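S.K.: Sequence:
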Amino acid sequence: MNLAKEIIGWLAFTTSSLMLVPQVLKVIKTKKTESVSLVMFIFAVTNYILWTVYGFLKNSPQIYIANILAFTSSAIILGYIIYNGVKKRKEKQIHKTKEVNNLGN
Numbered sequence: 001m002n003l004a005k006e007i008i009g010w011l012a013f014t015t016s017s018l019m020l021v022p023q024v025l026k027v028i029k030t031k032k033t034e035s036v037s038l039v040m041f042i043f044a045v046t047n048y049i050l051w052t053v054y055g056f057l058k059n060s061p062q063i064y065i066a067n068i069l070a071f072t073s074s075a076i077i078l079g080y081i082i083y084n085g086v087k088k089r090k091e092k093q094i095h096k097t098k099e100v101n102n103l104g105n
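Quick note: the sequence shown, position 40, residue 40 per my numbering, numbers continuous.
Among the hints, erroneous ones may be present.
25 Å max Cα-Cα, derived DSS-like pairs, lysine-lysine [stated by the list, open to error]:
{"no.": "1", "residue 1": "K88", "residue 2": "K31"}
{"no.": "2", "residue 1": "K90", "residue 2": "K26"}
{"no.": "3", "residue 1": "K90", "residue 2": "K29"}
To be clear, the hints were calculated from the coordinates, so they are not data collected in a lab. Computed from a prediction, not measured in an experiment: that's the story for all the values here.
Construct the entire structure; sequences and hints are all you get.
M.R.: As structure tokens, then:
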């Protein structure tokens, strides 16, 4: 039974570690995050931090390593979401400023 627990633990580790990789690669490749939820990734990053701490407290590498990797993936996506949001706001502000300047001419 102990072997079965270990196998399940390592399978969970593998799937947890890999589940965000396709999304990270897509965001990095396309630089697009419009359809990705900011709130979801804020919760995800928080969740992975808590699970990592829990894994260290339980001395379980299967938990803390998987969650460090998932945290990293989520943090990358969250960073892109925030960066794109700031960039979009700046572009809108520049566009509005140009419109106001054109009205004055």
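S.K.: Is K90 close enough to K26, meaning Cα to Cα at most 25 Å?
M.R.: 24 Å, holds
S.K.: Quickly compare the C-alpha distance for K88 and K31 to 25 Å and report which way the hint goes.
M.R.: 12 Å, holds
S.K.: Take the C-alpha atoms of K90 and K29, compute the straight-line distance between them, and say whether it is at most 25 Å.
M.R.: Holds - the C-alpha atoms of K29 and K90 are around 22 Å apart, at most 25 Å.
Figure legend: structure checked against the earlier numbered hints; every hint is met.
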